[in-house]
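So the protein sequences, as listed, match chains A and B. Residues in the first sequence are numbered from 1 upward in steps of one, following full-length UniProt numbering. Residues in the second sequence are numbered from 1 upward in steps of one, following full-length UniProt numbering.
Accuracy of the hints is not assured; some may be wrong.
Here are the simulated lysine-lysine pairs, BS3-like style, with alpha carbons at most 30 Å apart [said to hold, decoys possible]:
id	chain 1	residue 1	chain 2	residue 2
1	A	Lys238	B	Lys289
2	B	Lys410	A	Lys23
3	B	Lys163	B	Lys194
4	B	Lys58	A	Lys58
5	B	Lys91	A	Lys147
6	B	Lys91	B	Lys194
Derived DEER-like restraints, expressed as beta-carbon distance ranges [stated by the list, open to error]:
id	chain 1	residue 1	chain 2	residue 2	range
7	B	Glu308	A	Asp225	52 to 60 Å
8	A	Arg155	B	Asn10	20 to 28 Å
9	B	Asn170	A	Asn25	43 to 51 Å
10	A	Asp224	B	Asp362	52 to 60 Å
11	B	Lys87	A	Glu329	48 to 56 Å
12	B	Gln12	A	Asp61	13 to 21 Å
13	A	Lys205	B	His31	43 to 51 Å
14	A	Glu232	B	Asn170	34 to 42 Å
These are computed hints drawn from the structure, not numbers from a lab. Backbone N, C-alpha and C fix where the C-beta goes; we use that ideal spot for every residue, glycine too.
Read off the chains here:
Number of protein chains: 2
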Amino acid sequence: MAHCNENYLNLQGAYLFATVRQKQNAYVEAHPNADIISLGIGDVTQPLAPAVIEAMHKAVDEMAHMETFRGYGPEQGYLFLREAIAKHDFKDRGCDISPDEIFVSDGAKCDTGNMQEIFAESDVVAVTDPVYPVYVDSNVMAGRSGKFVNGSYERLEYLPCYKECGFKANLPSHDPMIIYLCSPNNPTGAALNKKDLTMWVKYAKQTGSVIFFDAAYEAFITEDDIPHSIYEIEGAKKVAIEFRSYSKTAGFTGVRCGYCVVPKELMLETKSGEKVSANALWDRRQCTKFNGCSYIVQRGAEAIYTEEGQKEIQATLDIYRNNARVILEGVKEAGLTACGGVNSPYVWLSVPKGMTSWEFFDYLLNEAQIICTPGSGFGPCGEGYVRLTSFNTPELTKEAVERLKKAVKKLEK
Amino acid sequence: MAHCNENYLNLQGAYLFATVRQKQNAYVEAHPNADIISLGIGDVTQPLAPAVIEAMHKAVDEMAHMETFRGYGPEQGYLFLREAIAKHDFKDRGCDISPDEIFVSDGAKCDTGNMQEIFAESDVVAVTDPVYPVYVDSNVMAGRSGKFVNGSYERLEYLPCYKECGFKANLPSHDPMIIYLCSPNNPTGAALNKKDLTMWVKYAKQTGSVIFFDAAYEAFITEDDIPHSIYEIEGAKKVAIEFRSYSKTAGFTGVRCGYCVVPKELMLETKSGEKVSANALWDRRQCTKFNGCSYIVQRGAEAIYTEEGQKEIQATLDIYRNNARVILEGVKEAGLTACGGVNSPYVWLSVPKGMTSWEFFDYLLNEAQIICTPGSGFGPCGEGYVRLTSFNTPELTKEAVERLKKAVKKLEK
């Protein structure tokens with residue numbers, strides 16, 4: 001009999017966002033006229049930039065004629081896009097990243113989920129707590145965890161992020177091999193500054209660890225001291241892989257495009273001490289199991305880097321940045337403490353006393369028809385928090401904040 | 001120090017098609033005026049169907065307006081597409097497959113590469129020889145093989161396909177757990193008939209094996225006795241996963257869309273004998289590591305199933321079918337023996353005596369500026385063969401066949 005990958009059986013319940021969606025659907029089915037506002041799943045609502053629309057129309061037209069038709073593209077992504085990325089996202093920020101260190105994909109979820117494949121199963125993984133579930137679940141599936149006991153997986157190293165430390169993790173207590181860092185952070189909204197990142201790069205060098213740096217939310221950075229790329233830190237190319245996404249930057253959640261950077265200087269080791277290029281391994285992985293991102297989509301992504309495209313996506317990002325400010329202020333007015341919202345589309349707030357994350361989720365859904373994301377779904381240290389996102393419209397965001405304030409007030413009675 | 005996945009180090013050389021492309025590029029660089037005709041990498045050349053173009057334009061326009069904008073879609077694919085697939089590709093052929101057994105992806109290469117993840121690392125894998133390299137390489141990466149010794153990987157069970165048996169594999173000599181079958185076959189073009197597939201389904205049932213049935217080329221089937229889906233065979237839903245692709249069916253090699261079917265009846269076992277649903281495991285895998293296929297692309301795929309779309313893609317497929325016939329006839333006129341070309345876009349031909357596959361590849365490139373794919377890249381039994389594809393234009397295909405005949409004749413002198 002064919003056997004299943006039993007690591008999957010260690011996984012806890014359903015994937016967090018799928019559960020949130022199911023709860024929302026169940027509520028809508030029971031209350032067909034309910035006027036639900038979602039600040040839950042971090043999905044964008046503003047339409048694509050006109051420059052992106054135009055570029056994709058043009059690409060679709062190219063596919064209609066033999067002279068301009070495109071079949072299989074390079075597994076690593078078209079050079080026109082990788083060159084635009086290298087220039088705008090890196091060289092213009094002083095980071096020397098070349099196109100052959102960039103791998104275009106259909107999204108950062110795939111990349112952050114798949115990258116662990118090129119590492120040894122025995123490597124120890126460190127994640128912050130709370131954490132984006134994909135980092136944990138993809139490693140559980142790959143056999144890098146033990147059982148789930150008392151709210152966390154054996155063998156994973158959890159780095160707790162407490163309010164007292166600005167929701168930033170301390171260095172691990174013993175040396176991990178793979179360290180997942182997300183900045184600006186999902187879910188807490190905390191952003192690592194130059195000093196923080198310098199500490200992590202130094203630690204990785206000393207211990208031979210590799211940092212998986214998830215910069216999916218870098219477009220929301222507003223403060224000067226927060227690096228947009230880990231390669232702004234000296235020496236990071238020897239120790240870090242970076243993940244980027246157009247999902248939030250340019251509203252590509254339904255279009256699907258992202259990329260990762262695997263520097264050529266980054267070396268892994270065999271058990272017997274030989275050096276192996278991470279770039280070469282990832283290239284082989286992508287060439288074998290991936291066939292490149294849709295040509296039409298890559299032309300859309302390229303258009304983001306034009307002058308027009310930049311103006312347009314910044315205008316949309318401003319809407320979300322304003323929403324984040326409105327939420328943060330509203331939450332504070334409601335008497336709850338909160339983090340994020342400044343360099344991040346996420347506001348991370350402590351739930352009213354005596355409630356769990358899921359209880360507050362249910363309360364907000366039933367009392368105010370607001371969808372949030374329960375903090376406990378992001379890890380044990382997320383218990384007592386929920387995450388609100390700034391991706392809804394300004395009108396609905398304001399409305400949601402009013403409802404939230406009212407609902408919290410009602411609790412106090 | 002972080003360690004690499006040492007299974008990757010067992011991999012042999014570069015990915016076959018990447019090597020072919022590199023050789024082609026090197027030749028073009030050395031001979032800038034060379035008039036190369038590629039019958040090598042199986043990439044399409046005809047533009048997309050007008051119905052697909054129209055649907056994708058419409059979808060792009062929807063993304064330009066807030067009222068019709070789409071963000072994250074279901075990880076399994078939109079229901080509109082899964083319902084069209086269930087009806088047209090299965091119910092209309094008498095196969096009872098429901099939308100929740102269908103998972104839309106960005107291509108069959110990803111699906112055939114990733115599906116092994118939900119199986120135990122210790123499961124024995126059987127592949128035909130010659131074989132599409134992704135089946136082998138993805139299992140080598142996952143640790144299901146030993147070292148590469150004398151042309152094949154230890155621990156994998158190779159099922160040789162000889163000319164004498166119509167390039168069809170016999171049943172394994174001992175019981176494997178996972179069996180990869182591709183019909184119509186890449187690279188040989190051989191197609192399994194009802195009797196063949198009934199034998200495989202029966203064998204899988206008896207041994208508790210699971211068949212990975214790759215039907216990426218089903219659109220090329222012309223003979224009545226060749227099943228388009230393995231689910232046309234009774235009982236197959238208990239033992240088979242099927243992979244489909246729009247790459248060759250509708251020219252989607254650069255658009256990127258495919259799907260797989262994981263029937264709810266298909267059960268895997270834990271080591272202690274508990275039953276686990278393969279459908280549930282794959283759903284969890286996709287929800288965790290994949291974020292759905294581009295909305296624009298899914299609307300394009302949906303349009304294939306309209307009356308207009310069907311007419312248009314059949315007209316394009318007829319071009320390729322004709323090319324296959326032209327190649328097959330030309331190859332026979334050249335005095336070489338060949339398989340395929342009838343239910344398949346591939347013609348598999350034996351190379352002139354005394355030459356290896358790569359030698360004939362180099363000879364055709366240098367002598368006739370034709371790109372083929374060396375059979376030995378598909379496995380030890382592929383030595384002595386090359387694969388020609390019918391995806392070029394009718395004019396260039398005819399021209400290539402004339403050149404090939406001349407080049408072969410020259411060898412005889």
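Here is how each hint holds up against the structure:
1. Lys238(A) to Lys289(B): Roughly 26 Å separates the two Cα atoms, so the pair holds.
2. Lys410(B) to Lys23(A): Measuring from Cα to Cα gives roughly 72 Å; hence the hint is violated.
3. Lys163(B) to Lys194(B): Holds, at roughly 20 Å.
4. Lys58(B) to Lys58(A): The hint holds at about 13 Å.
5. Lys91(B) to Lys147(A): violated, 42 Å
6. Lys91(B) to Lys194(B): holds, 18 Å
7. Glu308(B) to Asp225(A): 52 to 60 Å: For Glu308(B) and Asp225(A) the Cβ distance comes to about 57 Å; the hint holds.
8. Arg155(A) to Asn10(B): 20 to 28 Å: holds, 26 Å
9. Asn170(B) to Asn25(A): 43 to 51 Å: Cβ of Asn170(B) to Cβ of Asn25(A): about 50 Å, so the range 43 to 51 Å holds.
10. Asp224(A) to Asp362(B): 52 to 60 Å: holds, 58 Å
11. Lys87(B) to Glu329(A): 48 to 56 Å: Given range 48 to 56 Å: holds, Cβ gap about 51 Å.
12. Gln12(B) to Asp61(A): 13 to 21 Å: violated, 41 Å
13. Lys205(A) to His31(B): 43 to 51 Å: holds, 47 Å
14. Glu232(A) to Asn170(B): 34 to 42 Å: Since the Cβ atoms of Glu232(A) and Asn170(B) sit about 60 Å apart, the hinted range of 34 to 42 Å is violated.
Hints 2, 5, 12 and 14, counting from the list given before, are not met by this structure.
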